[in-house]
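*Asks:* Top line first, the protein sequences correspond to chains S and A.
Counting with our numbering, you get residues 1 to 325 for the letters of the first sequence.
Counting with our numbering, you get residues 326 to 643 for the letters of the second sequence.
Calculated from the structure, these hints are not laboratory results.
Only a predicted model underlies this, so the values are computations on that prediction, with no experimental measurement involved.
Certain hints may be false.
What the hints assert, rightly or not - Now the in silico label distances, taken between C-beta atoms and shown as ranges:
| hint | chain 1 | residue 1 | chain 2 | residue 2 | range |
| --- | --- | --- | --- | --- | --- |
| 1 | A | Ala474 | S | Phe139 | 35 to 45 Å |
| 2 | S | Thr248 | A | Asp548 | 43 to 53 Å |
| 3 | A | Glu400 | S | Arg317 | 35 to 45 Å |
| 4 | A | Asp397 | S | Lys229 | 55 to 65 Å |
| 5 | A | Arg342 | S | Arg129 | 17 to 27 Å |
| 6 | S | Arg317 | A | Ile629 | 44 to 54 Å |
| 7 | A | Gly344 | S | Arg129 | 30 to 40 Å |
| 8 | S | Val3 | A | Ser582 | 55 to 65 Å |
| 9 | A | Gly482 | S | Gly110 | 32 to 42 Å |
| 10 | A | Arg342 | S | Arg317 | 31 to 41 Å |
| 11 | S | Thr170 | A | Gly482 | 52 to 62 Å |
| 12 | A | Ile629 | S | Arg212 | 52 to 62 Å |
| 13 | A | Pro597 | S | Val318 | 42 to 52 Å |
Claimed, not checked - Short derived list, chain S residues pointing at chain A, Cβ under 8 Å:
| hint | residue |
| --- | --- |
| 14 | Arg186 |
| 15 | Tyr219 |
| 16 | Phe222 |
| 17 | Lys229 |
| 18 | Asp315 |
| 19 | Pro316 |
Idealized CB from N, CA, C, for every residue including glycine.
The primary structure of each chain is shown beneath.
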Amino acid sequence: MTVYVLRRLAQTLLVLFVTSGLVFGGLYLVGDPVEILVNPQADQEERARTAAALGLDRPALEQYWIFLKGAFTGDLGKSFVFGRSALEVIIERMPATLELAFLAMVMSVGLGIPLGLYAGLRPHGLAARSIMAGSILGFSLPTFWVGLLLIMVFAVQLGWLPSTGRGPTTEFLGVQVSILTWEGLRYALLPALNLALFKLSLIIRLTRAQVREQSLLDYIRFARAKGLKRARVIGVHLLKNILIPLITVIGLELGSVIAFAVVTETIFAWPGMGKLVIDSIFQLDRPVVVAYLLVTVFMFIMINLMVDLLYSALDPRVRIAEVKS
Amino acid sequence: MTALLEVRDLVTEFDGREGRLRAVDGVSFSLERGEILGLVGESGSGKSVTGFSIMGLVDAPGRIAGGSVKFDGMELVGMPDGDLRRLRGKRIAMIFQDPMMTLNPVLSIETQMLETVLAHDAVPREEARRRAIEALGLVGIASPAERLAQYPHQFSGGMRQRVAIAIALLHRPDLIIADEPTTALDVTVQGQILYEMQRLVRESGAALVWITHDLAVVAGLADRVAVMYAGRIVEQGSTTEVLDAPLHPYARGLLDSVPAANATGGRLRQIPGMTPSLAHLPAGCAFRDRCGHADDACGTVPPITLKASRQVRCHHPL
Chain S
1 MTVYVLRRLA QTLLVLFVTS GLVFGGLYLV GDPVEILVNP QADQEERART
51 AAALGLDRPA LEQYWIFLKG AFTGDLGKSF VFGRSALEVI IERMPATLEL
101 AFLAMVMSVG LGIPLGLYAG LRPHGLAARS IMAGSILGFS LPTFWVGLLL
151 IMVFAVQLGW LPSTGRGPTT EFLGVQVSIL TWEGLRYALL PALNLALFKL
201 SLIIRLTRAQ VREQSLLDYI RFARAKGLKR ARVIGVHLLK NILIPLITVI
251 GLELGSVIAF AVVTETIFAW PGMGKLVIDS IFQLDRPVVV AYLLVTVFMF
301 IMINLMVDLL YSALDPRVRI AEVKS
Chain A
326 MTALLEVRDL VTEFDGREGR LRAVDGVSFS LERGEILGLV GESGSGKSVT
376 GFSIMGLVDA PGRIAGGSVK FDGMELVGMP DGDLRRLRGK RIAMIFQDPM
426 MTLNPVLSIE TQMLETVLAH DAVPREEARR RAIEALGLVG IASPAERLAQ
476 YPHQFSGGMR QRVAIAIALL HRPDLIIADE PTTALDVTVQ GQILYEMQRL
526 VRESGAALVW ITHDLAVVAG LADRVAVMYA GRIVEQGSTT EVLDAPLHPY
576 ARGLLDSVPA ANATGGRLRQ IPGMTPSLAH LPAGCAFRDR CGHADDACGT
626 VPPITLKASR QVRCHHPL
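Starting from the given sequences, assemble the full structure and let the hints guide the process.
*Replies:* Now the structure itself:
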């Protein structure tokens, strides 16, 4: 097990290295940040001075080498725009995105699994059909449009919830968190719901399909033939089997929620990483973009690793295969 | 004294795309305590559905459309689900065909056995564990205490079926319904399981309905045989009588199809034609299209005729 985790961590380093190279090269090709950073009226001398200050006057490979040397000591460079450590700028924004992603996942899992179970167990009822029809909508309506609609209904017309920004934060384990107080949570509800809608639909559909498939298998019938209560047959026998594929999807989706909260953050003016990276790309703020992607890739890989570990906790067949390898 | 199990005119129907299909059509039989009945038929003859109907495990779109199942004097058809659940696994147990599929792959044997004990008896976990270990030992599993902690995939097919049998025996049921429990196993393992089942049933005094398509199995195991075809029992009687001198042409055909009954090197005999789909059964006797003795009389459903202790459903018994 330990060997397995260590090997996966070594792979992570390799992936991070390749990612950094690709992003660095790509952004180098896109254009010269000096053009954007410097006043258009500035003369040649001032441009050269700015370029030299940012290290942009050196050859590309040398720039990358300097970046790599820094990266190994945990320094991902200084933001061209903010003039501060790029990593710091990102970490500053991270709690906002993470808490939004967390809330969205809690919503989609907490609602998705029960609704999917219900729709799978009573597939022909009106309620099940309504759930499935709703999930098709959640699946196909564009996020930005749903976001605007949510603002229209809940913020403008009903006036129940605020529509923009992040609420007051409290400190929790050294991190600024807003969703722990009701006042803060109110600000997060609409964007989280917006972000959750697609995942929710996905989880409903997946759960339902799994329930329909697994209910027909003999082990369910055998469990009933043993005289178990229906609640135990569904809650233990069925649920534990359908959780295995569900965990995979939930893990992947958690990664994508963190990485692609961009649209929702923009609509609800949520001060997270997604909004930051869009701004940084426009300003060719290379260190921030590179650092953002490295952080995101790292989180993606860590989530996948956790899913794999969880998998082996849930499925005894996987556990044994690993011990052998 | 009344019979332990009394099935009368049982009808089980399924609503499907091709309309309403009768998988079980007026099946009647009874079973005394400690008796073994072999329920024989081809795939799709309704033998498994008969088993599930007795257990009350027929799911939508299927339903029991008529008849009665009396178990120890209690009517099971239409019994409230909670009452039926308390009988299932406690007094009526079932063993399934494919041991690879019947045990839950993600739960340990311990969990799956203990929950069965605790579903019916409010005993401490330690007592439930003791019973589970005892049951595993009974079906011939070595070092049962260690095996209890393992998961189904750590057992071979034959061992899994033994575990399933152990689970079925946990509450010393009065009736066990075994749905082709040896079909998916190697021949050598089949023999062991058959032998064990016979021994366990004799020891515990349970009645057994053994559902199978394998006449050789029935010959060595059952006291009585019921042969099913297209949802009906076409012949019923003591094992020796039915196997030595079948009265129904279908039963004869089944016996003749057993390779051992044919001369070595000769062509294997078989019943002409195919098992008809339930949606396209001929009117009257369902077997008449494949039967050498069929005539105009077979256009009506033959009644059950009694011949000594035997029942046959044929206009022209052999």
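*Asks:* Does the closest beta carbon of chain A sit nearer than 8 Å to the beta carbon of Pro316(S)?
*Replies:* holds, 4 Å
*Asks:* So does Ile629(A) sit 52 to 62 Å from Arg212(S), Cβ to Cβ?
*Replies:* Since Ile629(A) and Arg212(S) have Cβ atoms about 41 Å apart, the given range 52 to 62 Å is violated.
*Asks:* Glu400(A) and Arg317(S), beta-carbon distance inside 35 to 45 Å?
*Replies:* holds, 43 Å
*Asks:* Return the status of the interface hint for Phe222(S): holds when the least beta-carbon distance to chain A is below 8 Å, violated otherwise.
*Replies:* holds, 4 Å
*Asks:* Do the Cβ positions of Gly344(A) and Arg129(S) conform to the proposed distance bound of 30 to 40 Å?
*Replies:* Violated, since Gly344(A) and Arg129(S) (Cβ atoms, about 24 Å apart) do not stay within the stated range.
*Asks:* Against the range 43 to 53 Å, how does the distance between the Cβ atoms of Thr248(S) and Asp548(A) compare: consistent or not?
*Replies:* At 52 Å between Cβs, range holds.
*Asks:* Would the hint on Asp315(S) stand, with a C-beta cut-off of 8 Å toward chain A?
*Replies:* holds, 6 Å
*Asks:* If I claimed the Cβ atoms of Gly482(A) and Gly110(S) lie 32 to 42 Å apart, would that claim hold in this structure?
*Replies:* Holds, since Gly482(A) and Gly110(S) (Cβ atoms, about 40 Å apart) stay within the stated range.
*Asks:* Check the following: the C-beta atoms of Val3(S) and Ser582(A) are separated by a distance inside 55 to 65 Å.
*Replies:* Taking Cβ atoms as reference, Val3(S) and Ser582(A) lie about 57 Å apart, which means the hint holds.
*Asks:* Between the beta carbons of Asp397(A) and Lys229(S), is the distance compatible with 55 to 65 Å?
*Replies:* Hint violated: Cβ distance 23 Å, outside 55 to 65 Å.
*Asks:* Holds or violated: 17 to 27 Å for the Cβ distance of Arg342(A) and Arg129(S)?
*Replies:* Check passed, 19 Å falls within 17 to 27 Å.
*Asks:* Should the interface hint for Lys229(S) be scored as holding, given a Cβ-Cβ cut-off of 8 Å against chain A?
*Replies:* holds, 7 Å
Hint compliance for this structure: hints 4, 7, 12, 14 are broken, all remaining hints hold.
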